[in-house]
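Engineer: One letter stands for each residue in the lines below.
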Amino acid sequence: DTAVSQTPKYLVTQMGNDKSIKCEQNLGHDTMYWYKQDSKKFLKIMFSYNNKELIINETVPNRFSPKSPDKAHLNLHINSLELGDSAVYFCASSQDQVNQPQHFGDGTRLSIL
Amino acid sequence: GESVGLHLPTLSVQEGDNSIINCAYSNSASDYFIWYKQESGKGPQFIIDIRSNMDKRQGQRVTVLLNKTVKHLSLQIAATQPGDSAVYFCAENRGAAGNKLTFGGGTRVLVKP
Chain C
1 DTAVSQTPKY LVTQMGNDKS IKCEQNLGHD TMYWYKQDSK KFLKIMFSYN
51 NKELIINETV PNRFSPKSPD KAHLNLHINS LELGDSAVYF CASSQDQVNQ
101 PQHFGDGTRL SIL
Chain Z
114 GESVGLHLPT LSVQEGDNSI INCAYSNSAS DYFIWYKQES GKGPQFIIDI
164 RSNMDKRQGQ RVTVLLNKTV KHLSLQIAAT QPGDSAVYFC AENRGAAGNK
214 LTFGGGTRVL VKP
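For the protein sequence lines, the chains are C and Z, in the order given.
Position one of the first sequence corresponds to residue 1 (the working numbering), numbered consecutively onward.
Position one of the second sequence corresponds to residue 114 (the working numbering), numbered consecutively onward.
Treat the hints with care, since some could be wrong.
Unchecked claim - The list that follows gives simulated cross-link-like pairs (lysine-lysine, DSSO-like), each with its CA atoms no further than 27 Å apart:
no.	chain 1	residue 1	chain 2	residue 2
1	C	Lys-19	Z	Lys-213
2	Z	Lys-155	C	Lys-67
3	Z	Lys-155	C	Lys-71
4	Z	Lys-155	C	Lys-19
5	Z	Lys-184	C	Lys-44
6	C	Lys-36	C	Lys-22
7	Z	Lys-169	C	Lys-22
8	C	Lys-67	C	Lys-41
9	Z	Lys-155	C	Lys-44
10	C	Lys-44	C	Lys-67
11	C	Lys-44	Z	Lys-213
12	Z	Lys-181	C	Lys-44
13	Z	Lys-213	C	Lys-41
14	C	Lys-71	C	Lys-9
15	C	Lys-40	C	Lys-19
16	C	Lys-40	Z	Lys-213
17	C	Lys-19	C	Lys-67
18	Z	Lys-213	C	Lys-9
19	C	Lys-9	C	Lys-36
20	Z	Lys-225	C	Lys-22
21	C	Lys-9	C	Lys-44
22	Z	Lys-169	C	Lys-40
23	Z	Lys-213	C	Lys-52
24	Z	Lys-181	Z	Lys-225
25	Z	Lys-213	C	Lys-36
26	C	Lys-22	Z	Lys-181
27	C	Lys-67	Z	Lys-213
28	C	Lys-40	Z	Lys-225
29	C	Lys-40	C	Lys-71
30	Z	Lys-225	C	Lys-41
31	C	Lys-71	C	Lys-36
32	C	Lys-22	C	Lys-44
33	Z	Lys-213	C	Lys-71
34	C	Lys-22	Z	Lys-184
35	Z	Lys-225	Z	Lys-213
36	Z	Lys-155	C	Lys-9
37	C	Lys-41	Z	Lys-155
38	C	Lys-36	Z	Lys-155
39	C	Lys-19	C	Lys-44
Rather than coming from a laboratory, the hints here were simulated on the basis of the structure.
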């Protein structure tokens, strides 16, 4: 009965590789998000989608490309991984895009060797 | 730039005592505030939220207070329990589209038995 689920939980890979993180929510929410949490626990939004439409696109390198095949899924693809991409990436969802609590997954810890 | 900030990285509390976590924000246009709890290895978990037209809201063992005059937000936890040990984040929506939350730096709460 997991509400927001991400896979994989851990991802260890080498610099220069391309990787994807998947996210699914079964809450029936319209809006989904990707966040990055650095080693100091600072959480910053990267993207949000509302019903498959890109709403928020923060200053993120274009090596990061989100894709939303339907409103229950928001995947994150990262090209040419760099050391600085090492972080925990969280997916979240909310009922809609107007002042609603966001519900987070348990994160994907990405480590770049 | 404007940001939500927490300046107390660690709060030690005796079990059974009340905890107060403080948060300062700088954007007077912010209209929605939210508190999250993050346990080790987990995603942020929604605790309570408050809109700018309110100054107090209560949940189960938690109370959020909003002082718009001094741009201050606090989370009070009554009868703190060992399970309350976690990192707590405040976040604000600055009235921007897309339910964009800006997070503070987090406060670690340690509950001593």
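Engineer: Hint by hint, work out which the structure violates, then give me just those numbers in ascending order.
Structural biologist: 7, 20, 22, 24, 26, 29, 34 and 35
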